[in-house]
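Those sequence lines, one after another, are chains E and Y.
Each residue of the first sequence is one higher than the one before, starting from 1 at the first, in the working numbering.
Each residue of the second sequence is one higher than the one before, starting from 220 at the first, in the working numbering.
Just so you know, these hints were derived from the structure itself, not from any lab.
Computed from a predicted structure; not experimentally measured.
Incorrect hints may have been included.
To be verified - In silico DSS-like pairs for lysine-lysine, Cα to Cα no more than 25 Å straight-line:
| hint | chain 1 | residue 1 | chain 2 | residue 2 |
| --- | --- | --- | --- | --- |
| 1 | E | Lys104 | Y | Lys255 |
| 2 | Y | Lys276 | E | Lys57 |
| 3 | E | Lys36 | Y | Lys323 |
Protein chains: 2
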Amino acid sequence: MYIVSSRDDDELNGLIINTANQVTSSPPLVSVNISKKNLTHDHILKSKVFSISILRKDTPMNFVGKWGFKSGRQIDKFQDTNYKFAVTGAPIVMDHTIGYMDLKLVSHLDVSSHTIFVGEVVESEIINDGEPLTYNYYRDIKGGQSSKNAPTYSGWADKPKKDSEEKMKWVCGKCGYVYDPLAGDMDSDIPPYTPFSRLPSGWVCPLCKAEMDQFSKLD
Amino acid sequence: MYIVSSRDDDELNGLIINTANQVTSSPPLVSVNISKKNLTHDHILKSKVFSISILRKDTPMNFVGKWGFKSGRQIDKFQDTNYKFAVTGAPIVMDHTIGYMDLKLVSHLDVSSHTIFVGEVVESEIINDGEPLTYNYYRDIKGGQSSKNAPTYSGWADKPKKDSEEKMKWVCGKCGYVYDPLAGDMDSDIPPYTPFSRLPSGWVCPLCKAEMDQFSKLD
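So that you can see chain E by itself, here it is in the shape it has in the complex (with noise of 0.2 Å):
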């Protein structure tokens, strides 16, 4: 899984990617595809650079909240990152980062949802061991899920019948916080679109540290 960051002018911002792939050897070519509904999207077009960090297998979840799942038009994602900006002027996330590369658009096609942007690497480095955060270790052991505007995004991943439990929020009979899956608990870990039913067990209210039995389901 990767970040791709672009700037428009002053305004930084990032999102991440499961996938980025080498187009060509050479001269060295690699796309990425990305929702036209992401604020980056729109950077990458206007400016016509963009980064690519490449995130390693211990990335936190709350850094793949922040930056997979949050929107760069609510909150500030390079505010408290570690960054620097590229030769071709574009930001490179530093942090959970083993390597990455610096590209200026050469191309790119219209795929009714998405935009596939194809670039040429105009600078790379490995800054870090350590192996890459694949998308199947990020699913079947993290237990994360794929964004709305993900590719892959085809709903709640294990199809449950019932979808109105899965996205049932529940409160807290000691202090009210409401639990939402569709935003997770980024404090602990918990990425967006866990249901309240596969919390780990551990899990407690992220406010009062009510245990998960004080919880009741919200109508």
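Fit chain Y to the known structure of chain E by using the hints.
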């Protein structure tokens, strides 16, 4: 890894690729990236249909050798292969396949040496249990290489210092058979681009069964 198949009227052909991407989920679009040198490239452009067979983890190396390292201009790859015709008319390789997709071409992008083809899935089916053969597994566990037309090809995998040594042919002292690393030995599941020094210890001359110490370098 996958076999992409297409046709030009009665001429059927296919090749192995290491990457296929879900591009969007609605409509279900999938992209593949194919060298302009490959016959299948021209078949897809002409017929505007193709299929993708998902290879199983235990796919034999000589099957990979036939579909990934031979050209349909020289051999008929569909001979001695189980296949059927898809709804679109594209042939589908059924051997060593856990599932397939049948696609009609909706868009394509010229990227210098390669073309990215985007197809809409018309039909798909899971036909066998088993895990898919990943490129990582193929390279790290099976010791496979990329063909020269692959987007990921970058010369010999381990970048040997003595390039000539690695490409050197060896001749059998008993029968005169010449082992050519560029060809490998498909009968013994030795893929192309395997240097003589990396042949498995039990390997014998495919013609006369002489052992490896009977071979000498061919200048």
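*Is the Cα-Cα distance between Lys276/Y and Lys57/E 25 Å or less?*
holds, 23 Å
_Does Lys255/Y sit within 25 Å of Lys104/E, going by the straight-line distance between their CA atoms?_
Holds, at about 23 Å.
*Assess, step by step, whether the Cα of Lys36/E is no farther than 25 Å from the Cα of Lys323/Y, and give holds or violated.*
Answer holds: Lys36/E to Lys323/Y is near 23 Å, not above 25 Å.
In summary, this structure violates none of the numbered hints.
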